[in-house]
Amino acid sequence: MEYGQSHEGKALKSLENSLGLKIRPCGLFIHPKLQYLAATADGLVDEGIVEVKCPASCQDITPDEAISLKKFLFWKIDRFGRYK
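Mapping of the sequence shown onto UniProt numbering: residues 1 to 84, in sequence order.
Hints listed in this document are in silico derivations from the structure and should not be mistaken for laboratory results. One thing to keep in mind: the hints can contain errors.
[Unchecked claim] Here are the computed distance ranges between Cβ atoms for each label pair: (1) K33 x D64: 40 to 46 Å; (2) A39 x K10: 19 to 25 Å; (3) K53 x F80: 34 to 40 Å.
[To be verified] Straight-line Cα separation of at most 25 Å, SDA-like style, residue types lysine to any residue; simulated pairs: (4) K10 x R79; (5) K71 x L19; (6) K13 x C54.
Note that CB positions come from ideal geometry on N, CA and C, so glycine has one too.
The task is simple: from the sequences and hints, build the whole structure.
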């Protein structure tokens, strides 16, 4: 977890550059009716939130390699090399 937290800022900046989006910082979101439910995202973009993960198990490979090696099961590359 320490590795991930120490690399989060660099990962956010890299994501901004690769997607051409401005990621805005944010704080705590509390559900308006169920105030015991809350979440902190790593940032906000035009149409949603950003949550960055920097697992130590991927520290020696690129994000594209991590996706190809199925280190991130929620993010895939299609046969044309595009992220899905």
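Going down the list of hints, with the structure as the test:
1. K33 x D64: 40 to 46 Å: holds, 41 Å
2. A39 x K10: 19 to 25 Å: holds, 23 Å
3. K53 x F80: 34 to 40 Å: violated, 25 Å
4. K10 x R79: violated, 28 Å
5. K71 x L19: Distance ~21 Å between K71 and L19 Cα, so the pair holds.
6. K13 x C54: holds, 13 Å
Taken one by one, the earlier hints fail for this structure at numbers 3 and 4, listed in ascending order.
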